[in-house]
Amino acid sequence: MVRKKTHEQAAISSKTASLAASATQKQRTKQTCVTDAGEVKATAKQIVGGSSWTGKIPTTLLQEYCQKQGWARCDYVVTKSGQQFAVRHVLISKKNPKNNELTNVLLRPTVETAAILPTKATPLEARNVSAIFALHRVASDRSWLMQLPPEYRDIWKALVECKAADDKSNKSWMYASDPFKAAKEHEFQKQQWAKEAEKKDEAIRKAGFLPARQSFDWQHAAVVDMSREYRQRIETMVRGTQLVLSQKIELEPAQTQAISSSLAEYGFRKSHTLEALEHCSSQGDALEWLLLHVPEDDLPPRFLPPSYSVGISASQHDSDSLRIDYAARRLAYAGYPIDSAKACMVQYNSELLAAEVLQAELLEFPFDAPATLVEEQPEWAIEIEGIAATFIDTFRSDEAAGQCSVQIPGHKMYQLHLRPPVSGVYPDSLPTFYVAYQSSSMPAYVRLAIVRQLGQYASTLKGEPMIFSLVDWLESNLERILQNPGKLQSLSSITTGSSSTSSTRKHPRPVPRNTKLIQWDSSSAESASLRAQRDAWFEDRIHQRKMKNRESLPAWRSRAEILDALKSHAALIISGETGSGKSTQVVQFVLDELITAGHGDVASIVCTQPRRISAIGLADRVADERSCLVGTEVGYQIRGESKMSAKTKIAFVTTGVLLRKLSTQGDAGLSQVTHVFVDEVHERSVDSDFLLILLKDLMKRRKDLKVILMSATVDANFFAEYLGAKQLVIEGRTFPVTDFYVEDMVFLSSDSSPREKSKNGVNFDMIVDIVRHIDKVSGSDLSGILVFLPGVLEISRCMQAIKGAGLARVLCLPLHASLDGTEQRKVFLHTAGMRKVVLATNIAETSITIDDIGSVIDTGRVKQMAFDSEANAYKFEEVWCSKAACRQRRGRAGRVKAGVCYKIFSRSLESAKMLESTPPEILRVPLEQVSLSVLAMNKPVRVFLGQAITPPPLASLEASMNTLREIGAIESGEKDVLTPLGRHLSLIAADVRCAKLLVLSTIFGCVDEALTIASALSSKPVFSSKPEARDSRLAFGSADGDVISILNAYNAWKRHDNGRQRRLWCDENYVSDMAMQEVASTRTQLWACLREAGLIQRESHHRKDSTVATAVLRSLIGASLSPNIARIAMPNTKYAQHQSGSIAKDHVSREIKYFTNDGRVFLHPTSVLFSEIEYKQSAFLAFHQQVETSKKFIKQNTPVSTYSQLLLGHSLQLDGQGRGLIVNDWVKLRAFPKIGVLCKLLRIMLDDILLNKFEFPQETASPAVLSLITDLLASNGINM
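In UniProt numbering, the protein residues as written are 1 to 1280.
The reader is advised that the hints may include incorrect statements.
Restraint-style ranges between C-beta atoms, simulated for each label pair [as the list claims (entries may be wrong)]:
hint, residue 1, residue 2, range
1, Thr110, Phe1162, 38 to 44 Å
2, Ala176, Pro300, 26 to 32 Å
3, Glu731, Gln665, 36 to 42 Å
4, Lys1191, Glu731, 56 to 62 Å
5, Glu731, Gly833, 16 to 22 Å
6, Ser459, Phe188, 53 to 59 Å
As a list, the in silico BS3-like pairs of lysine-lysine whose alpha-carbon atoms are at most 30 Å apart [to be verified]:
hint, residue 1, residue 2
7, Lys939, Lys975
8, Lys548, Lys567
9, Lys706, Lys643
10, Lys98, Lys190
11, Lys1054, Lys1195
Please keep in mind that the hints were generated in silico from the structure rather than gathered at the bench.
Predicted model only: the values in this text are computed from it and were never measured.
Think of the CB as a built atom: it goes at the ideal place given N, C-alpha and C, for glycine as much as any other residue.
Please take these sequences and the hints and turn them into a complete structure.
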């Protein structure tokens, strides 16, 4: 908003028009300073001073003065706007004779000063304008006027008047004769002010403005700016919307008065504080309301940026635009926004008519622009003569502006400014008017309040002379209006653009429940058809052979016992060793029994599996045994893939699929399911334990639901007691297995000595020797070999080692969760003439059966999720597996005949280091995802998970809830409520930070890039850690950080079509091909997650502008990794002396420091930013991992802007002292506090977009809001 200038500033403004005319005359002079031949150009003196000037030019005068003072040469920085050049700043330096280092002072013009410094057509002329400005700053006490060229003397006179205004505003230190000493003293004074402000922080914290922890002072805080244009865009956007920053709770009168008084001490008007408390219930909320609704020109100084100015500097282009600019400024003196005034001037091209239009809009009067303007106003002229005669001492007339003014009696410093109407004849048409204050500014909304009330009174006087009456009315009512100008919101749409309406944010609809019971008594044609089909199978010879195979399984002998138990018990737990047939047969027993009883039409059996390959493999096996195709009577559903139909009676699903169905649909997810089988419960995964809680609760409401647990361990009392289930045991059918421990393997070569192990504990040479030994002793028996390895990387290295051993009859096949279904199915195929060697993770321990395996090689290693205290994060680490897991692995060798198990560890190690069983996952993994699922069902997390068969530690729960708060998944407060973002995250089975990146990418249109980044952050390192690999990493982009470099590398890898080209490319660029394949596989899974959650309908959402996309992408990465944020502390700029002046030295990378909330950290040497010396528009680094060795290092770093944290970070608070904003409870930002309020409004709009996408996934988000947020992220708040 525009503030009324002081008398001195107003006088300064009047000089600008003459300076512009002077510039035009100067241009003519310049054009004549060329010879007739056109070869000799004018000298600098002629260009600046004109052809007749014989004195010195300003740059020479300033340089001579600096030399006399012992200062170094001056440097000028000018900026170009269009075809004109303007002053930016002047750098003066002083060399320290002891160390030759330069001390620098930047002389920057204030906004008021910049307004009177004319732009010039050439850099030379602009430098001379800069020299006059600098000379006035350092030597204003000397008489320079007559030494300047005539055309530059008006600039000096205007600067003299500007200094007088600055002296009254306590800015006289800027004009000290020793600028170096003055700057040092001023900096010291600022530090003292900061210390005094810190002493008040304790009281402010108690008021709720500041969090308890602070890690660095405001002096080192990053500076945030938001241009006036951006602020206006946001205010325009929220106009008419229904947004509130807080809920309103009625306060006691004493509370209202106490908060009002406290806010008034900050400098707010009492009437404003009371109005704020009509909408807010706390001091913090009221402060935010005031910052949003109080016009900027009426805010207390502490809440304004240091360089804030309400003056409007006219842009200097052609003469017509100058005329419009100055007319708009005069109109803005009445309180109207400068943009509205300028728009009216452009539209109507008449200052008097524009004044009428603006006044009519304020008074809400209808107004039709006339075809012609009324120029003669006889009644007006007569009355003005009377006013002039009556107020002879205070009446002033400005014929050029078409207005006059008169002092209001009894109010010495106030003048009433009047203009005649031009749309009609006075007094039938109202004149235009406003009230001005001479010695200091009057807030725009107060001026508008006076105009509105005066206009309402004037409308009652139409048809008769009214000027005397208006003066009398103001004499009686002005003080009343000044004391209480009225409600802020009544004028907010004019002064601030903020909305006067409010409402609370809506919340998602509750999950519907459907408890409709299954109709067991019904008899249908479908049931009869199913029974007839089954009877026909019994007559089929092929099916009869399959039945004989089924009847040979141990489970068949327990068939009657299992079915009898289900008739009398709601829950059953079946224990059986590997190979008993429990996973394939019991579901068929149940289905066949339902068909026999005539209930085939209602039969719906769901069997959960911990892994995708298990669900697919079991569906294939059972469908084959029932002579049907997968997807008909038997089907499966895994993440991203489903083969089911309306005919499906047995569905094998991953545990996560069933959990998501229950989380999103409640009881309705299983309303028509008759039996739920939970297989492999002995593994104690988080998902299976979570599912047991839900099933135990559901069984209380669904008396007809049958729950059957299946475990590979005989001791299942634990589960039986939890569900009150009957326990049955199926005897296993396994052949004897001979164990060979490492000390028994006398056939090993000396090269594969047990003492020579790889870094991670796996000896690949030993595995090669064992495979060679098996191939040699087995002869023509080509039974397969199953090798258990800890991870994908080990599988890749082992495969390379075996292939390099030259074993002709050996075919290596990988088996791990990252492979797609087609690749996984290859391990079940028989390989004629070849010995199959399956290299698998623990995925092959249970559920799946590879029929032709005769030997097992067990490394005894497994990768488990564990908490890394050094990195302060959960991650996979390689450990010794449990004895129970080793028994499962051993059993794989005795499925079809007697087998052999080769254990690459000793008996003593097994006894001393291996646990009896694997600890439940719920005790050792992060619980963020399961907590989100619980909250999505509107259940309290601590109470709900406390009902688990093994409740998680309270500390683990609290850590997970804190993480969810920090990433913005749950609201801050006593009650744990999901935010719109949290509801989306609850649907994505991934690390919550990666999931947040994916959700945000669907909003901002960079899904393809986010999928790669999330996959890379979830996988092994892509680049080699070798020192020689550093240049390769840098080649993929350094300035954008490590994560973007990985993205660029993946895109380059993907462009190579065949595997051989990719491997060659990887070798040349020190990239791991296996890691890239893992990223590609994980991308497919995450894509399926997004599709199932309804967040996307197509594969990629690319932005057209790649530069903007990268900037926005970095911001989204920073928002997703928060609170893993480090502040960048750049060193002070150093300057070197040069012939052309002082030149800034480049920063040294080792001098740049980084700080987190816990103190200083260091870039890891492998980071592409390790040698970075400049961070453009980035004040922070987002990092994925923190490790501690000799120092605390941060890895996988991405430079991010402040707006990444402001708009997408965790919490956002205002500092009560007006020093800035606090993000994520510790990051301090020096900023205009109103920026924080505007960012909060944008956050609410973004939350509404997320919420709407959750409820209506197909709808398109608001392009205006997303465009504004994207522009802010890309430009860092500065107009591009």
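Quick rundown of the hints versus the structure:
no., hint, in the structure
1, Thr110 / Phe1162: 38 to 44 Å, "holds (40 Å)"
2, Ala176 / Pro300: 26 to 32 Å, "holds (28 Å)"
3, Glu731 / Gln665: 36 to 42 Å, "holds (39 Å)"
4, Lys1191 / Glu731: 56 to 62 Å, "holds (59 Å)"
5, Glu731 / Gly833: 16 to 22 Å, "violated (36 Å)"
6, Ser459 / Phe188: 53 to 59 Å, "holds (58 Å)"
7, Lys939 / Lys975, "holds (11 Å)"
8, Lys548 / Lys567, "holds (26 Å)"
9, Lys706 / Lys643, "holds (24 Å)"
10, Lys98 / Lys190, "holds (28 Å)"
11, Lys1054 / Lys1195, "holds (24 Å)"
In this structure, only the earlier hint numbered 5 is contradicted, and the remaining ones agree with it.
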